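First to last, the sequence lines map onto chains A and B. Numbers 200 to 283, taken from the working numbering, label the letters of the first sequence in order. Numbers 20 to 475, taken from the working numbering, label the letters of the second sequence in order.
FYI, nobody ran anything at the bench for these hints, they're computed from the structure. Warning: the hint list may mix true and false statements.
Think about it this way: if two alpha-carbon atoms lie no more than 25 Å apart in a straight line, the pair counts; the simulated DSS-like pairs of lysine-lysine are [said to hold, decoys possible]: (1) B/85 <-> B/342; (2) B/124 <-> A/259; (3) B/373 <-> A/206; (4) A/206 <-> B/345; (5) B/395 <-> B/266; (6) A/247 <-> B/260; (7) B/100 <-> A/247; (8) B/368 <-> A/206; (9) B/82 <-> B/29; (10) B/27 <-> B/82; (11) B/124 <-> A/247; (12) B/100 <-> B/337; (13) B/100 <-> A/259; (14) A/259 <-> B/342; (15) B/337 <-> A/206; (16) A/259 <-> B/345; (17) B/414 <-> A/259; (18) B/406 <-> B/289.
Since the structure is predicted, the reported quantities are computational estimates derived from the model, not experimental observations.
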Amino acid sequence: MAEERLKGIERSAEEIVESFVRAVETLPALEETYYSHELYNIMRPDGKPSSSRERADFRKRFVSNMPGADEDGNLRVEVARWTR
Amino acid sequence: MDEVTRAKLKAIKSRKLSPVENVQQAQERIAKLNKKINAFIELNPDALAQAEALERKIKRGGKTGKLAGLTIGIKSNINVKGLRVTCASRTLEDYVSTHDAEVIKRIRAADGIIVGMNNMDEFACGSSGETSAFGQTDNPAAPGHIPGGSSSGPAAAIASGMCDLCLGSDTGGSIRNPASHCGVIGVKPTYGLVPRQGLIDLAMSLDQIGPFSPDVYGAALLLEGIAGRNPNECVTLDVEKISYIDKLDAGIKGMRIGTSPKFRELTDPKVMSVIDGAIGKLRDLGAEVVEVELPHLEKGLPAYYLIMSVEFFSATRKFDGRKYGKRIEDVCGDEVLRRILRGRYISRKEYRGKYYQRALQVRTLIREELMAALDKVDVIVGPTVPKLPHKMGEKISVSAMYVYDYLTIPTNLAGICGGVIKAGEVGGIPVGLQVQGKALDEGEVLRTLRAFEAIL
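Please model the complete structure; the sequences and the hints are all you need to start from.
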């Protein structure tokens, strides 16, 4: 069932791509636009480092979201099958 | 039309209404209506405490921010520290945000009070509000019909008066589409005007955060609060704080307004008839209405879906179920999976030139056409959505769903701004007028919306 669903969605995804490409094939070739901007702000300012309290709070919140964290807050990951 | 936000702000500042009372009223209304409408999927347990703190500050005579005491709902793809930010997906159903998005920091600094997280289409992948893993949202303005999407919750929350203002995000129309279907104000700002830091991406080159409000004043106020350069972002625009409120009531006499025959070609005649009436009213207000050419407008749709899918595929690779959440492909809905698979397909090396680069060329074409049209006029007006919203639960094809986005997508591809206001109704269902402006011309867009609002 899951396999069938996946195949069905995959098929519809590819069909849409093909139909969309057909819809634009007669248009002229132009330069590509990746962003509507031409100027980028690539230099971030040096900020004050966050306080140790803020860092501890962030770590606590981050760890609480990890699905496989142990009681010490370490990330538990599955051992890769190929190592067995 | 009444300016409810201006009146409420005045009442709070003059201490006729306390922030605590305002939050309590919002919470009562949410408790009463949310079971049916499903506009909120998470409430902020600290909202009342924040209102009490603000009240103490007001009593002490302390200086308050421009959003002081207003209740604000946040679309569930914008990080709010301590609240579950789920993108309405099982993927992130247990994710409690570790940080505030930049826009949330700005709202807090302006003394706005966040009351909760709004429902949405899963990962913003939808135009109907039906794909949320936490149940679909009803349309308070046309019960039993879809509210539009993907910012279904914010639009429905405003339309039902659950809170004063909301934040949504717009990648291909996700603010303007539900604003149109729910009869509220929605504004998609110029790309780069509002910080995206802390927004969970749908498509990073198109996403933009913007306001929902029951009136134009509220939208202008919230936009003022969140707009402006963020030095930590690479695509931020070099814009300092702007006032949109100052010129809001300047009127539109002498303004040049463009409209395109292409809109009529793509739009349901019943919807177009309401829009024609609205354009007539703008002319009566002293605007000069002229025709502009947008010959390839409809080609924006295929280009958008190709670009968005590639960017979405890339953005979702972090949802692998290790650091937080569940693996996205294992738990997401059909539309999210369709976009991921489409993005994966297009991203294959052998297809890059055929699909992705071709779509980026069409983006250039749409952008050039819109820019050329906006060179001749101050704003372009037309319908927001080409058809009326379908009934909830009604099955429509994938391509019929994408048609909802025909008229909103070009704004995102060009990176310009757009706003929506209710123009009228067809059989009791709201129809929104879309006003598009040049990059950073939010002031003109808001001025046009306000002039129209003032005569309703």
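Which of the numbered hints are not met once you compare them with the structure shown? Numbers 1, 17, in rising order.
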